[in-house]
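Following the hints, complete the assembly by docking chain B onto the known chain A.
If you read the sequences in order, they're chains A and B.
So in this note's numbering, spot 156 of the first sequence is number 156, and the numbers just go up one at a time.
So in this note's numbering, spot 145 of the second sequence is number 145, and the numbers just go up one at a time.
Hints in this document: simulated from the structure, not taken from any laboratory.
The structure presented is a predicted model; accordingly, all values stated were derived computationally and were not measured.
One or more hints might be untrue.
Unchecked claim - Calculated cross-link-like contacts (lysine-lysine; reagent style BS3-like; alpha-carbon spacing at most 27 Å):
(1) 144/B / 77/A
(2) 77/A / 20/B
(3) 260/A / 68/B
(4) 81/A / 20/B
(5) 238/B / 308/B
(6) 119/B / 219/B
(7) 81/A / 219/B
(8) 20/B / 260/A
(9) 238/B / 253/B
(10) 260/A / 81/A
(11) 81/A / 147/B
(12) 260/A / 219/B
(13) 81/A / 238/B
(14) 260/A / 238/B
(15) 147/B / 77/A
(16) 20/B / 219/B
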Amino acid sequence: MSARVIPIATNTFREAVRDRVLYNLVAFAILMAGAAVLVGQISINMERLVVINLGLAAVSLFGVVIAIFIGIGLVSKEIDKRTLYTVLSRPVRRWEFIVGKFLGLSGTLVVNSLCMAAGVYAALIYVSDHHHLLMTDSYVLVALYFIVLQFVMVTALALLFSSFSSPLLSAVFAFCLFLIGSFSEDLRGFAAMSQGLARWVTTAITYVIPNFSALNVISSVAHGEPVAAKLVVANTAYALFYAGMALCGAVLIFERRNLK
Amino acid sequence: MNALEILALEKVFSVGFWRKQPRRALHPLTLSVQEGEVFGFLGPNGAGKTTTLKMLMGLVYPTGGSAKIFGMEIGDPRVKAQIGFLPEQPYFYDYLTAHELLDYYARLSGFAGAAVSGKERKSRIEAMLARVGLTGAGDVQLRKFSKGMLQRVGIAQAILHDPKFVFLDEPMSGLDPIGRREVRDLIEQLKREGKTVFFSTHILSDAETLCDRVAVINKGELRGVGSVAELTRNVQGKIEVAWHGMSVPAALKTLTQECSCAGDMGRAVVTEPQLDAAVDALRRDNLRLISVTPVRSTLEEYFVQQTKSQTPSQSNSQKGAYA
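The shape of chain A in the complex, shown without the other chains (with noise of 0.2 Å):
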């Protein structure tokens, strides 16, 4: 890797980290510790399922959030306050800068992950009888990391946007994108049950938008159900395939761009 993408990768975090990001894992302690205290109350042995589905779809939640609105503003609040020219006019390519602002938001991303992972492993131990974890609960991890996968690519496509789009725009077209790809399935069944012109449509469709319904795996983890190590290695190669080719997209754009 370039030399170049490490210190902007790093400007980044510290940038996320000062700007007091991280401060929503307050807000998700405090929702685990709530969901942990409360669930044993209206749930009879049922508090595993509730804290896992909880614990994770907050994780989800959080971090798309972030990665929307924090990727949207990687490049355009770099140009708009003319940080970008001075970082321009030394010997930094245009895409190690994306690269170094895809992972530098990324590695905020994992940070966040782990710690709010720890917080659902923690609530988990509260909520078990003899306050110790089961071996099913090691499947939470594989869930995390899809959700991590998840990220990887709305950061890129938060970017890929806001290569060319003013930051409203990017952030509304981000989270459309998050929200038709995460019901990616149902759309593959229309086009299954389709006939002609609208079969080859949404077919192509489904290939275009990002698939988020075969990273999400919550449900069958929080019923302890294994993930299969083939589906880790498919989602692995998918999702890195397809942030790879929306920073693809997202250089491609920002090479072309005149700094105004």
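For chain B alone, coordinates are given in the frame of chain A:
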């Protein structure tokens, strides 16, 4: 040797959303800057100075023409290692301290890993902070800096990696007189070190003091280039004469219409060749001379002439319209 060679560099922007209209920001510009020279790029706001600098820095792509720095095309990554750039009214990452910011730029300039140790980088940064008068402010976040301090940090980042060629866009803009003086001293120091300095400004006194050569640009067109003496050879400056007294000598009135009396003082503005005659007129009337002060420098006169007159392309377009 030429440090910078610009050949017919031009920029046309497309403006508008649906029906894009071309807007020419820079007409084909050709000029060169010698190595070790302090070169002033002068022009009013919107003249095309910043667009030119942005093209040289690779931030904006030219529509036509080319530019070379030390014989290499501006797109060549090797060029960037040899240049430093201070943008107009710079804004930096305000969550960083001055030391962190300079460390970041040092790493981007290749001062990391095996090339330069962390200790060496740190000492270089501290020396640079001292050079721009920010000793002791290294650990303060930039959001707490004044505008003048930010400008100093901006200069520090531009020269941190010891570039051979420094580009400064309006370096004195927004600074108080002391700050301007310090920037002037720094540019002079860079010249003594053999660096080439290219700076844009509309503060003409600074250009007159510092520059070996200047170029005047207006509405995207080059209007003149050369040393201040060459450009102002045919320009006469104006001088204000002040005297003690409540009357204007008749002989002085014939020289200039710009004369008046207020309180117990009289003032008249004359051209350089009229100065002796004006002083003689005051002596003849036994009026006591108080001061003789240049009102406008000759460079300012030249600048005003160039920026007020029509650009060649405007003249051509009007001729076309009348034809």
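Evaluated hints:
| no. | hint | verdict |
| --- | --- | --- |
| 1 | 144/B / 77/A | holds (20 Å) |
| 2 | 77/A / 20/B | holds (25 Å) |
| 3 | 260/A / 68/B | holds (21 Å) |
| 4 | 81/A / 20/B | holds (26 Å) |
| 5 | 238/B / 308/B | holds (17 Å) |
| 6 | 119/B / 219/B | violated (48 Å) |
| 7 | 81/A / 219/B | holds (26 Å) |
| 8 | 20/B / 260/A | holds (16 Å) |
| 9 | 238/B / 253/B | holds (16 Å) |
| 10 | 260/A / 81/A | holds (12 Å) |
| 11 | 81/A / 147/B | holds (15 Å) |
| 12 | 260/A / 219/B | holds (17 Å) |
| 13 | 81/A / 238/B | violated (42 Å) |
| 14 | 260/A / 238/B | violated (39 Å) |
| 15 | 147/B / 77/A | holds (20 Å) |
| 16 | 20/B / 219/B | holds (21 Å) |
Figure legend: structure checked against the earlier numbered hints; hints not met, in rising order: 6, 13 and 14.
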